[in-house]
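Chain by chain, the residues run as shown.
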Amino acid sequence: MSNSHKYETVIGLEVHVELKTKTKIFCSCPTEFGGEENTHVCPVCLGLPGVLPVLNKRVLEFAIKAGLALDCEIAGFSKFDRKNYFYPDLPKAYQVSQYDLPICKEGRLEIEAEGKKKTIGITRIHMEEDAGKLLHSGTTITSSHYSLADYNRTGVPLIEIVSEPDMRSAQEARAYLEKLKMILEYIDVSDVKMEQGSLRCDANISLRPIGAEEFGTRAEIKNMNSFKALQKAVEYEVERQAEILDEGGSIVQETRSWDEEKGVTVSMRSKEEAHDYRYFPEPDLVPIVVEPAWVEELRNSLPELPDERKGRLVNVLGLSEYDAGIITGSRALAEYFDRIVACYEEPKAVANWINGEFLRLLNAQGLEVTESKIDPEDFAALLRYIADGKISGKIAKEVFAEMFEKGEKPDEIIKRKGLIQISDEGALSAVVEKIVAGNPKSVEDYKAGKEKAIGFLVGQVMKETKGQANPGLVNKLLQERLESL
Amino acid sequence: MRKGENVLSLTGLTAYKLSELLRKREISSTELTEQHLELINALEGKINAFVTVTGEDAIKQAREIDKRRARGEELPSLAGIPAALKDNMCTKGVKTTCSSEILYNFVPPYDATVVEKLRAAGTVMMGKCNMDEFAMGSSTENSGFAPTKNPHDLRAVPGGSSGGSAAAVAAGEVVFSLGSDTGGSIRQPASFCGVIGLKPTYGYVSRYGLIAFASSLDQIGPFTRDMTDCALVMNAIFGHDSKDSTSAPVEAPDFTGYLKDDVKGLKIGIPKEYMQSGIDQQVAAYVKKAIEKLEELGAFCEEVSLPHTEYALPAYYIIAPAEASSNLARYDGVRYGLRVEADDTISMFNETRSRGFGEEVKRRIMLGTYALSSGYYDAYYLKALKIRTLVKQDFDEAFAKFDCLLTPTSPTPAFDFGEKADDPLSMYMSDICTIPVNLAGIPALSLPFDTVDGRPVGLQLIGKAFDEGTLLRVAYTLEQNTDLTRPKPDLEGGAAE
Numbered sequence: 000m001s002n003s004h005k006y007e008t009v010i011g012l013e014v015h016v017e018l019k020t021k022t023k024i025f026c027s028c029p030t031e032f033g034g035e036e037n038t039h040v041c042p043v044c045l046g047l048p049g050v051l052p053v054l055n056k057r058v059l060e061f062a063i064k065a066g067l068a069l070d071c072e073i074a075g076f077s078k079f080d081r082k083n084y085f086y087p088d089l090p091k092a093y094q095v096s097q098y099d100l101p102i103c104k105e106g107r108l109e110i111e112a113e114g115k116k117k118t119i120g121i122t123r124i125h126m127e128e129d130a131g132k133l134l135h136s137g138t139t140i141t142s143s144h145y146s147l148a149d150y151n152r153t154g155v156p157l158i159e160i161v162s163e164p165d166m167r168s169a170q171e172a173r174a175y176l177e178k179l180k181m182i183l184e185y186i187d188v189s190d191v192k193m194e195q196g197s198l199r200c201d202a203n204i205s206l207r208p209i210g211a212e213e214f215g216t217r218a219e220i221k222n223m224n225s226f227k228a229l230q231k232a233v234e235y236e237v238e239r240q241a242e243i244l245d246e247g248g249s250i251v252q253e254t255r256s257w258d259e260e261k262g263v264t265v266s267m268r269s270k271e272e273a274h275d276y277r278y279f280p281e282p283d284l285v286p287i288v289v290e291p292a293w294v295e296e297l298r299n300s301l302p303e304l305p306d307e308r309k310g311r312l313v314n315v316l317g318l319s320e321y322d323a324g325i326i327t328g329s330r331a332l333a334e335y336f337d338r339i340v341a342c343y344e345e346p347k348a349v350a351n352w353i354n355g356e357f358l359r360l361l362n363a364q365g366l367e368v369t370e371s372k373i374d375p376e377d378f379a380a381l382l383r384y385i386a387d388g389k390i391s392g393k394i395a396k397e398v399f400a401e402m403f404e405k406g407e408k409p410d411e412i413i414k415r416k417g418l419i420q421i422s423d424e425g426a427l428s429a430v431v432e433k434i435v436a437g438n439p440k441s442v443e444d445y446k447a448g449k450e451k452a453i454g455f456l457v458g459q460v461m462k463e464t465k466g467q468a469n470p471g472l473v474n475k476l477l478q479e480r481l482e483s484l
Numbered sequence: 000m001r002k003g004e005n006v007l008s009l010t011g012l013t014a015y016k017l018s019e020l021l022r023k024r025e026i027s028s029t030e031l032t033e034q035h036l037e038l039i040n041a042l043e044g045k046i047n048a049f050v051t052v053t054g055e056d057a058i059k060q061a062r063e064i065d066k067r068r069a070r071g072e073e074l075p076s077l078a079g080i081p082a083a084l085k086d087n088m089c090t091k092g093v094k095t096t097c098s099s100e101i102l103y104n105f106v107p108p109y110d111a112t113v114v115e116k117l118r119a120a121g122t123v124m125m126g127k128c129n130m131d132e133f134a135m136g137s138s139t140e141n142s143g144f145a146p147t148k149n150p151h152d153l154r155a156v157p158g159g160s161s162g163g164s165a166a167a168v169a170a171g172e173v174v175f176s177l178g179s180d181t182g183g184s185i186r187q188p189a190s191f192c193g194v195i196g197l198k199p200t201y202g203y204v205s206r207y208g209l210i211a212f213a214s215s216l217d218q219i220g221p222f223t224r225d226m227t228d229c230a231l232v233m234n235a236i237f238g239h240d241s242k243d244s245t246s247a248p249v250e251a252p253d254f255t256g257y258l259k260d261d262v263k264g265l266k267i268g269i270p271k272e273y274m275q276s277g278i279d280q281q282v283a284a285y286v287k288k289a290i291e292k293l294e295e296l297g298a299f300c301e302e303v304s305l306p307h308t309e310y311a312l313p314a315y316y317i318i319a320p321a322e323a324s325s326n327l328a329r330y331d332g333v334r335y336g337l338r339v340e341a342d343d344t345i346s347m348f349n350e351t352r353s354r355g356f357g358e359e360v361k362r363r364i365m366l367g368t369y370a371l372s373s374g375y376y377d378a379y380y381l382k383a384l385k386i387r388t389l390v391k392q393d394f395d396e397a398f399a400k401f402d403c404l405l406t407p408t409s410p411t412p413a414f415d416f417g418e419k420a421d422d423p424l425s426m427y428m429s430d431i432c433t434i435p436v437n438l439a440g441i442p443a444l445s446l447p448f449d450t451v452d453g454r455p456v457g458l459q460l461i462g463k464a465f466d467e468g469t470l471l472r473v474a475y476t477l478e479q480n481t482d483l484t485r486p487k488p489d490l491e492g493g494a495a496e
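Which chain is which? The protein sequence lines are A and B, in order.
Counting in numbering that gives the first Met the number 0, the first sequence tops out at residue 484, every number present.
Counting in numbering that gives the first Met the number 0, the second sequence tops out at residue 496, every number present.
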């Protein structure tokens, strides 16, 4: 182990987000993930000689929405530039991107890591087009006999969100990325699926002696395909750099790749080998002028964002920070919660059921909130049954599982299975009488001071009534009966 | 063999006359097309204006037009008229090479917007015309295949880069053609070949499907044998195109409405800088003769200064190559065109591009790459953009006083093959009068005005953005009042030897 505590870690993230527009950024091909190779293509995204790009307005709209959600300044005047480099997955040999006049700049994002809140600066957000994918016959392009190119992804719109070097630990980096994902999901501009590549992250990492002002030399880490990978890669890289510094060495400015299997970062190319992208303004597109009125319209169209929403759940609805955090962790879940609460105004009970049974079943089957078959009204109806003492919590779980499975209404399930709780004193007294008569040993124990024995007797009553007896009432009746003996 | 004795010769006529004959059904498009194909067959060995002749397709199109006309359909004025395209405009199913080995086998799966428009107008497409490779050059000597000869004098270059398009019209092989103009590539060959060439305002004609040389400068325009045809072709090809973001969203005029034999009261500026450096005495004398003629017809001509003219050429040779270096990067052997196999991908790129591109194209790719490189961008590209703004301001100031400007199109008449081929700088000077116009994005046309030793000389008329109308009016007036604007090549005589 090195003395990494001597150093302060400095991390900045560059996050690429595929926007979920229906069509590509400069043509009308579908953006859909998957699809047979080279079927979502046309002359424009294939960069055939003579074609010209036309900006998809929805891309601009989504980029501005992301900027607004991240508290950015939206540029009234912005433009596209060409980033030039040769690679077989890039059919024009340049990527249309934004260089010195990005659509959004100077935003911020509040995160919480290791119990502490912190604001991370957003340097900029810019729009660009995605490249295609290569399938190599070997492991790399240089070691392959041939490579196959699939251009379905070429021209899928991306935004790149660049943070300030404000993060100081792997936990903060992870919290930042998780929060970013949550916000992008809320504003509905991306699928944000790391495993499908619609959310991709590069990390710039450097160390400096604690107290130093100047940044150390950084390494850029690529190829981290999950939150866990990001955290592990940062941790590894911090150790690696600390060891080099401890030994009096210096960090090489380079691009490194995270090797998930080996759990290490490996050098890809040094600064000297870095591309000179020869950026210049894209002459085939006109500058982008954004009317302030449109920005305001988009601002007003934004949904309630996670922090705001969580605040409302805690302060207005009285949920715990923890429960509110889970519920607002996804927009779909939070909206589901709101819809149930609209039918049944007991937020705490709703939260308990959502964070308990609902998420348990969802996770067990690997489903998304939106795939749930339970209608919010039915969810509310079930909770009302419990509150009215018509069914027990235990029965309710059973009913809930069936609702989850088939989307059936709770009334129907309860009726069909005859699950209404027995709260009729007369009916229950008869059962109590029978159990007391049939279990003299337990009655004796109870009388002898073993108060726990009543639990067994309650259980017997419940068994006798197939769980439908109101447990509170059973307890009361049993106690009265035993006292009277 | 040329046509038989007793057959009416239909080559060499203008589109509007032919259109009249077709409409009255005195001739058919099929015979018109056949006669032009015969002439192409007879002349191509000498002229080499075409990279590809699409004879069979042309006959088919002509028959279709004749059928439609026979059914009594009302057809557009260019319907049934034989025309040709520069080989940098994409044609669905027809090879489009840019006269480059790197695209020797490229068959586009789509039509350029101008091609769609001409098809809609019923034009008969005769083929694709030779050019300097990727439109880089002023003589067609940079064609990756073989140069085109000037129909007026086979020892002379036809000009470039749209030399094939100009020569095809001059020789009568087609009635009109389209070229593209990045720094003079329509006007200079029009001047050398004695035909009319118009470079419209940037954004007037869609660039969709035009294989880019320098995107911010390229513009498509017509070659015709007279001004009425120029207006008719413009009517057919211009207009806003949603596939081209730089296409201007402007209202459609009828260009024939500008054909007025009247320049009375028009103020015409004569930029003194264009009359100085290296201009041929004879060419200068013809410009003066034109000025006298225009004054005689009631126009006011006066000298004007465009002080930044001398910086236009160097600025152009930064901006155009910079854009070209990026535009031509896609020719990497991966997806279409030439591929030279090699051990790995990078070597394949290198080998393909080394062999596929000619000298001049490589020179400009290197110039442009250098100008955009980190550390040089501000000194070259950014400075060139500033000069571009100054050149534009010069024109704006001039147009505050004048309706249009008159200059020579090129400092000299057509030069001989080989004369400038080994000296890129002197070749670049051939476009010194045309380049500032592209930097400013404004329209200009070249009108033939007399010849020197049988080689035509062109006048350039430069106008305000979207004011092609004034240019058409002035050129039309000169056309109506002199016999100098229609030099005819003598292809059966000495020049054809």
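These aren't lab readings, by the way, just hints derived from the structure by calculation.
Any given hint could be a false lead.
As the list claims (entries may be wrong) - Straight-line Cα separation of at most 30 Å, DSS-like style, residue types lysine-lysine; simulated pairs:
#1 B:288 / A:78
#2 A:270 / B:382
#3 A:5 / A:21
Claimed, not checked - Computed list of chain B residues with no C-beta within reach of chain A, every gap over 10 Å:
#4 108
#5 210
#6 213
#7 242
#8 243
#9 261
#10 263
#11 295
#12 321
#13 322
#14 331
#15 343
#16 353
#17 365
#18 465
As the list claims (entries may be wrong) - The following residues of chain B were derived to be distant from chain A, with all beta-carbon distances above 10 Å:
#19 15
#20 43
#21 68
#22 111
#23 145
#24 206
#25 279
#26 291
#27 292
#28 329
#29 410
#30 420
#31 489
Here a beta-carbon is modelled for each residue, glycine too, at the ideal position from N, C-alpha and C.
Now for the hints, and whether the structure bears them out:
1. B:288 / A:78: violated (48 Å)
2. A:270 / B:382: This hinted pair holds, its Cα atoms lying about 28 Å apart.
3. A:5 / A:21: violated (50 Å)
4. 108: violated (6 Å)
5. 210: violated (4 Å)
6. 213: With a cut-off of 10 Å, residue 213 of chain B comes too close to chain A, as the shortest Cβ separation is near 8 Å.
7. 242: violated (6 Å)
8. 243: violated (5 Å)
9. 261: holds (37 Å)
10. 263: holds (39 Å)
11. 295: holds (43 Å)
12. 321: violated (6 Å)
13. 322: Nearest chain A Cβ is 6 Å from residue 322 of chain B, so the label is violated.
14. 331: violated (6 Å)
15. 343: violated (6 Å)
16. 353: holds (14 Å)
17. 365: Check passes; 12 Å lies beyond 10 Å.
18. 465: It holds; residue 465 of chain B is separated from chain A by about 17 Å at its closest Cβ, greater than 10 Å.
19. 15: holds (30 Å)
20. 43: holds (25 Å)
21. 68: holds (32 Å)
22. 111: Residue 111 of chain B is in fact no farther than 10 Å from some Cβ atom of chain A, at 6 Å.
23. 145: holds (22 Å)
24. 206: Given that some Cβ of chain A is not farther than 10 Å from that of residue 206 of chain B, nearest at about 6 Å, it is violated.
25. 279: holds (34 Å)
26. 291: Check passes; 41 Å lies beyond 10 Å.
27. 292: Residue 292 of chain B is indeed farther than 10 Å from all Cβ atoms of chain A, at 39 Å.
28. 329: violated (5 Å)
29. 410: holds (28 Å)
30. 420: Fine: 26 Å to the nearest Cβ keeps residue 420 of chain B off the interface.
31. 489: Given that every Cβ of chain A is farther than 10 Å from that of residue 489 of chain B, nearest at about 37 Å, it holds.
In summary, the structure is inconsistent with hints 1, 3, 4, 5, 6, 7, 8, 12, 13, 14, 15, 22, 24 and 28 from the numbered list given earlier, while agreeing with the others.
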